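Given chain U's structure and the hints, the job is docking chain S onto it.
Protein chains in written order, with the numbering used here: chain U, 1 to 181; chain S, 182 to 635.
Don't take every hint at face value.
[Claimed, not checked] As a list, the in silico SDA-like pairs of lysine to any residue whose alpha-carbon atoms are at most 25 Å apart:
1) U:Lys136 - S:Lys372
2) S:Lys253 - S:Thr325
3) S:Lys372 - U:Ile179
4) S:Lys509 - U:Asn81
5) S:Lys531 - U:Ala130
6) S:Lys372 - S:His392
7) S:Lys531 - U:Ser162
8) S:Lys415 - U:Arg52
9) S:Lys626 - S:Arg585
10) S:Lys415 - U:Asn81
No wet-lab data here; the hints were simulated from the structure.
Since the structure is predicted, the reported quantities are computational estimates derived from the model, not experimental observations.
Chain residues, written in single-letter form:
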Amino acid sequence: MDDLSAKAAASAVYKVSPELQHEVEQFLYLEAALQDEHRFREWLGLLSEDVRYTLSTNTLAQVRDRRRGIAPPTTYIFNENKYTLERRVARLETGMAWVEEPQSRTRRFITNVRITGQAGDEVRLSCNYAVHRAAKARDHHTFYGTRRDTLRRNGDSWIVVSRELELDEFVLVTANISIFL
Amino acid sequence: MDDKLNVRQLVDAHKGTVKPAIYIDQDIYDLELERVFGRSWLFLAHESQLPKAGDFFTTYMGEDPVIVTRQKDGSIAAFLNQCRHRGMKLCHADSGNTRAFTCPYHGWGFGLEGGLSVVPLEQEAYRNGLDKSKWGLVRVPRLTTYKGLIFGNWDETAPSLEDYLGDMAWYMDGFLDRREGGTEVVGGVHKWVIDCNWKFAAEQFCSDQYHAPYTHGSAIQVLAPTPENKSDGKPLGDGQTQRPAWANGLGGVQFSEKGHGSAFFFTEKPDANVWVGGEVSEYFRETYPEAERRLGSVRALRLAGHNTMFPTLSWLNGTQTLRVWHPKGPNQIEVWVFCIADKAAPDSVKEALKASHARAFGPAGFLEQDDSENWVEVQKVLRGYKAKQTGFCVQMGLGFEERRKDGIPGVTNYTFAETAARGFYQRWVDMMTSETWAEIEARTKEYQKELVHG
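Looking at chain U on its own, in the form it has when it is part of the complex (with noise of 0.2 Å):
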């Protein structure tokens, strides 16, 4: 309880009222509704000034290294602030984006969300992803992963604090991240 910066699952189920996990699963829809429509200005709006939106890489170490806590290095592939964020929905409306040009279609999944703490007006959440994105002609690109989101109650709905995502490749197969995870 009120733990919001835990990384790994709790062992034990963090019980919130049925109404509140509703309330937050239909916001986590609407947002992924909003990308999938394109709708990348509405998006802004429910994210909050001071958001954090962060992907590293993945890597491989040896048992030897992890037993020891030891890693090798990482590094970001998203390390985004609110203006950030609209400048990379700004290239998209110049037109000469051109990955994106003609524009991809996008589904958004959300599945496993579970609320892991609560402190004052703000939650934090865990969820798995799965993003398809149908690209030019006949491109097809899949992306599963994880994230962690720390929701701040704004009115009667919800705005993003932050989302730390992980993307569950070591190797990216895909020519380049061009959308929002």
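Quick look at chain S alone, frame taken from chain U:
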């Protein structure tokens, strides 16, 4: 001449044409693994990635997996990442620290120096005897470092790295030798797959300044320091450069030699390109006097532009991205990208650089996204019967090659040119059709002589 696949008919560097078979043909690719990747100096790792004895980093030379290790005596060695017993891949970690490498298949163990040291059940299983001294790891026979970069070569007869680089070393020094203490890798390695031939990526970083204003138009448009993009006029913070390097109107240079290539624009100030974070750009301005003392003004001022060391090592000055295009068949590459910082830079600048680098040229980077898309789409078109036979135009600046008198070395041209691409493909042909290094060097020399009459 030993041109069993007739590649000389596919590339005409004098007229500036190439036939697309060089990007898709499996037989040509197989010969590339032997004649290009089997005898070129290939980048393996940066010394900063292996600070301690027992540190290792796994990578590829062509399609061959290799392990690079720091030895107990401080030297560096590299081995084919393959167990000598039954061919299993030996080490599956990206990097780490170890005393030995043990094969997951039957448990053969190899020391850091590559020798076979452990054979499970040796007495019972090898009643016939096994001479362990004969079954050590296959060592990369030529290994050397150049200003922090570790290179390997499978070919014992290859020229020294310095001879192989030629004047490319002058351009490389401008990237690696700006400050006392040299460079280091910041953060981890970006790795991703692009479905294109390795030559599209390598050639673009070798020779293609021309694509930047158009391919990367969207990124420049939204990150340019204007009040429309951010009310304070600083999208990437204090210190962001005001405009792209190509918008200065001061001219520039493209370089070509021995298949390597590089190009940049002259600037009045030591300005990194417009997409580089303000804190990083400011760092380069502050450290300019030291860089000028070490390199002279031309290279110290140069904080933009592209480079390829033949065949597959590329980098961008100022943006600080260094990448290898590992070939994975004729139709695919695996890109490995390293962020390079001056070792003497403050930690805050290194952190800012890591963020700036990923934002611009990571797999989700504002600029990187559009490059890969181009190569993938070209590769798709080349499946076509007619497309396969339709030659590409590589004629930009043909006939305007020169040797400069101001100390900038090599065969040169204006920045917007395809001189380096023609040199890249000529070198490729020379390697593909020559049995010995003497022939390769003689042919390349002859081509360059024709270009600049001496």
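Hint-by-hint comparison with the structure:
no. : hint                : result
1   : U:Lys136 - S:Lys372 : 23 Å, holds
2   : S:Lys253 - S:Thr325 : 17 Å, holds
3   : S:Lys372 - U:Ile179 : 18 Å, holds
4   : S:Lys509 - U:Asn81  : 36 Å, violated
5   : S:Lys531 - U:Ala130 : 33 Å, violated
6   : S:Lys372 - S:His392 : 23 Å, holds
7   : S:Lys531 - U:Ser162 : 24 Å, holds
8   : S:Lys415 - U:Arg52  : 20 Å, holds
9   : S:Lys626 - S:Arg585 : 18 Å, holds
10  : S:Lys415 - U:Asn81  : 15 Å, holds
Comparing the model with each numbered hint stated earlier shows that hints 4, 5 do not hold.
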